[in-house]
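A.B. asks: If you read the protein sequences in the order shown, they are chains A and B. Under the working numbering, think of the first position of the first sequence as 1, with each following residue one higher. Under the working numbering, think of the first position of the second sequence as 1, with each following residue one higher.
These are computed hints drawn from the structure, not numbers from a lab. Treat the hints loosely; a few may be bogus.
[To be verified] Okay, derived cross-link-like pairs now, SDA-like style, lysine to any residue, Cα gap no bigger than 20 Å in a straight line:
1) A:Lys345 / B:Arg287
2) A:Lys345 / B:Ser259
3) B:Lys165 / B:Ser259
4) A:Lys345 / B:Lys165
5) A:Lys345 / B:Ser284
6) A:Lys219 / A:Gly244
7) A:Lys345 / A:Lys219
8) A:Lys231 / A:Glu206
[To be verified] Ranges of calculated distance between the beta carbons of each label pair, as one might list FRET restraints:
9) A:Glu477 / B:Gly322: 57 to 63 Å
10) A:Arg322 / B:Gln160: 47 to 53 Å
11) A:Gly244 / B:Val200: 49 to 55 Å
All C-beta atoms, glycine included, are put in the ideal place defined by N, C-alpha and C.
One letter stands for each residue in the lines below.
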Amino acid sequence: MAPEPPLLSMSGITKSFPGVRALDGVDLDVQAGEVHCLLGQNGAGKSTLIKVLAGAHQPDDGTIRWRGEPVTLRSPIAAMRLGIATIYQELDLVEHLSVAENVHLGHEPTAAGFVVRGKAARTSTGGLLKRLGHPEIDPTRLVGELSAAQQQIVSMARALSHDVRLIVMDEPSAALDPDEVDNLFRIVGDLTADGVAVVYISHRLEEIRRIGDRVTVLKDGRAVAGGLPAKTTPTRDVVALMTGRDVEYVFPERPVGEPEAAPVLQVRGLARDGEFAPLDLDLRPGEIVGLAGLVGSGRSEILETIYGARRPTAGRVTVEGRTLRPGSVRSAVRAGLGLAPEERKAQALLMLESVTRNVSVSSLSRFSRAGWVDRRAERAAARAAVRELSLRPDNPDVPVRTLSGGNQQKAVLARWLLRGCRVLLLDEPTRGVDVGARAELYAVVRRLADEGLAVLLVSSEVPEVLGLADRVLVLREGRVVHTAPARELDEHRVLDLVMEGSPAS
Amino acid sequence: MTQPVSPPRDTAGKIGPAGRPATWRSLSARADVRTLSLLGVLAALVVIGGVTKPDEFLDTRNLQLVLTQASVIGVVTVGMTFVITSGGIDLSVGAIVALASVWATTVATQEYGFAGILFTAMVVGLGCGLVNGVLIAYGGMVPFIATLAMLASARGLALQITDGKTQIVTIDSVLRLGERDSYVLGVPPLVIVFAIVTIVGWLLLNRTTFGRRTVAVGGNSEAARLAGIDVRRQRLYLYLLSGLCCGIAAFLLIVLSGSGQNTNGNLYELDAIAAAIIGGTLLSGGRGTVTGSVLGVLIFTTITNIFALNNLQSDVQQIAKGAIIVAAVLVQRRTARTA
Ligand SMILES: Nc1ncnc2c1ncn2[C@@H]1O[C@H](COP(=O)(O)OP(=O)(O)OP(=O)(O)O)[C@@H](O)[C@H]1O
Ligand SMILES: [Mg+2]
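All chains, full assembly: derive it from the sequences and hints.
C.D. replies: Here it is as structure tokens:
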């Protein structure tokens with residue numbers, strides 16, 4: 001369009017970690033006012049590339065030009081000074097600080113150079129939150145008390161608190177509801193109208209089509225396509241570029257006929273005051289039941305209460321006729337329940353440990369005799385589970401901290417795959433997982449179900465719930481408003497139910 | 001359907017790095033940079049000792065003395081390593097050693113002879129550990145506060161029992177353990193106990209489910225809980241373990257000094273924490289190394305010995321120890337970044 005140089009131009013960026021070449025000569029051009037999408041499978045190098053751009057990683061090779069001038073981004077501060085703000089994939093807020101303190105962390109408004117002007121910080125934070133469409137978030141609240149979606153908004157406010165020319169968003173929509181996503185896109189639209197450039201990473205291709213202008217595709221650390229038109233490139237071409245093959249983005253077939261066996265999991269009148277109303281639920285072996293609802297509708301709370309991680313205020317959970325001790329994870333795990341929680345970093349992963357040890361931690365007794373761990377068997381089993389989910393790199397000895405986001409999610413699933421439980425509770429199992437791996441994951445879940453596992457699935461992505469589950473419970477404000485076989489529902493119907501509640505009755 | 005599309009190049013056709021050479025490779029990999037640098041420091045200290053006081057430092061008796069001194073604090077440090085790895089801290093170790101050593105040497109206890117002393121030391125250690133553990137794991141107290149309270153009360157109780165007097169041990173079989181003629185091939189029995197505790201500790205941390213759970217609790221206690229680990233019981237066990245180590249150390253100290261005193265074990269908590277940290281155990285939990293801790297203890301004891309041989313004051317010693325802690329942590333951060 002314009003004859004002037006692009007706002008940002010990265011060329012030949014190379015970055016290696018011990019044993020992995022995460023980026024291998026990547027080029028990326030971004031124009032002012034455009035939404036440039038970055039696509040690629042898990043571990044393709046997207047987050048690494050934007051960390052280089054944010055000054056968080058130093059590239060081994062390559063040049064970065066900002067408005068035509070070569071620049072070196074020695075530190076995150078250097079990048080911020082140029083006007084580059086980054087919202088990372090793993091949220092990086094300080095839980096024990098307030099919203100306003102987080103937003104202004106590192107550049108607090110001060111008097112006399114060092115006295116923090118708290119009032120000014122709160123006022124400007126309030127303004128930013130209003131601009132982001134979330135005036136209800138109180139700037140004085142502690143960030144740890146906010147929901148994931150609200151924390152996402154706070155990160156965004158933090159990015160906007162600088163004078164930005166370029167905002168990088170690494171999977172910002174992963175934790176958001178459909179209407180939150182709409183809000184996010186509105187913000188992106190406002191920003192680009194002001195001439196701010198946005199680099200947008202997501203595994204949801206339909207989003208790319210909605211807001212993207214151009215697309216760069218990464219595969220194994222290389223840019224296999226740069227600057228494709230986002231609106232007109234066919235999805236299958238994009239997927240083929242990402243994965244190097246044609247992925248049929250379909251759900252595995254459901255078995256014919258209803259499962260007949262007696263329910264393995266029975267939930268009776270389970271409730272938690274202020275979170276969800278009494279819930280009855282039967283889950284049979286071989287059945288996948290989905291919980292659809294907005295963030296905050298009590299889905300995760302239900303899963304965690306069934307699992308014993310939260311103590312119910314009423315009701316009970318029975319597995320194969322045995323009633324579980326309320327509020328005891330141990331009793332649930334012993335009875336054969338497994339939970340892949342929503343917040344993998346906070347609730348599931350041992351970041352300093354290897355993949356093997358993360359995978360085996362729930363099945364240690366299987367690999368040990370009299371407390372003695374048989375490491376060979378442990379490693380072999382972990383390797384098999386890792387292979388089954390095609391986790392990359394497929395070496396189970398690497399620390400889980402070095403895996404890309406989607407692969408960390410697979411490590412959590414591998415844990416329960418290995419344990420071989422009877423009832424698997426999946427909370428947002430594909431958050432951050434790429435299209436190719438998703439299809440594999442769906443196939444694995446369905447296969448496990450065909451082998452007799454019962455699955456309770458929570459997902460913010462309605463098509464996922466409808467495609468994978470046999471039966472769907474629609475939740476609104478902690479209450480089941482509708483139950484139906486998945487094939488009798490469609491996305492619109494579910495969204496209507498979720499927002500408005502059951503029209504009749 | 002679940003076939004990998006393009007098998008990752010390097011692993012295709014390789015059936016895991018099993019076989020002979022792998023054991024060697026994993027051995028050398030395990031002797032990581034940190035352990036090697038600690039060994040380097042220790043070697044440098046031995047050279048310094050050998051150069052400044054060639055006759056005295058390298059004398060067998062002196063080396064035996066260094067190792068014996070290291071044994072008492074070493075046993076305490078092994079227990080401390082577990083507690084710190086789990087994300088906790090035990091400030092009461094010195095006080096527990098004092099209490100156990102005086103309780104085990106009262107006139108009444110000594111009536112029961114060798115077994116009575118040994119048994120009492122261990123039981124007192126375990127008892128204190130139990131109180132710590134229950135308060136922390138089930139009472140929800142912060143480890144720092146709970147063990148600080150234990151520090152104060154155990155020291156107080158020790159003073160009350162002894163009334164400030166030194167309690168002399170009169171049991172020959174106990175005293176004989178500290179004498180030269182009970183050395184095995186030149187190795188003092190105390191050092192053998194230390195070696196056994198070290199080996200057991202290493203195995204416990206690296207080869208058992210107990211060790212795995214300890215690391216998991218320290219690395220992410222919420223994740224450990226959701227993975228089905230009984231986090232509270234694990235915490236209780238860890239403080240019991242630390243208490244037991246203190247009991248053993250108290251017994252060693254009784255043998256070594258032939259007495260029990262309420263001032264025993266003064267500032268052991270600091271030495272043990274410092275040794276564990278320079279050894280490479282993360283104060284924030286989630287990573288621990290028994291080997292590193294033991295090397296840390298040996299380094300500290302050797303420094304103390306060299307300073308004593310060179311007639312340097314203990315204040316200089318303290319400053320040198322502080323400097324070493326800072327240097328070790330800096331080196332570790334550097335290696336952690338490049339590794
Ligand atoms: N600190 C690190 N140490 C070692 N390897 C790393 C480190 N960070 C990333 N890697 C590796 O670099 C590669 C690229 O990772 P990156 O996080 O950029 O992937 P990604 O494209 O963002 O994937 P995802 O969609 O799963 O988030 C992966 O193989 C990853 O394992
Ligand atoms: Mg990423």
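A.B. asks: All the hints need checking, so say for each whether the structure fits it.
C.D. replies: Now the hints, each set against the structure:
no. : hint                            : in the structure
1   : A:Lys345 / B:Arg287             : holds (17 Å)
2   : A:Lys345 / B:Ser259             : violated (52 Å)
3   : B:Lys165 / B:Ser259             : holds (10 Å)
4   : A:Lys345 / B:Lys165             : violated (54 Å)
5   : A:Lys345 / B:Ser284             : holds (16 Å)
6   : A:Lys219 / A:Gly244             : holds (8 Å)
7   : A:Lys345 / A:Lys219             : violated (25 Å)
8   : A:Lys231 / A:Glu206             : holds (10 Å)
9   : A:Glu477 / B:Gly322: 57 to 63 Å : holds (58 Å)
10  : A:Arg322 / B:Gln160: 47 to 53 Å : holds (52 Å)
11  : A:Gly244 / B:Val200: 49 to 55 Å : holds (52 Å)
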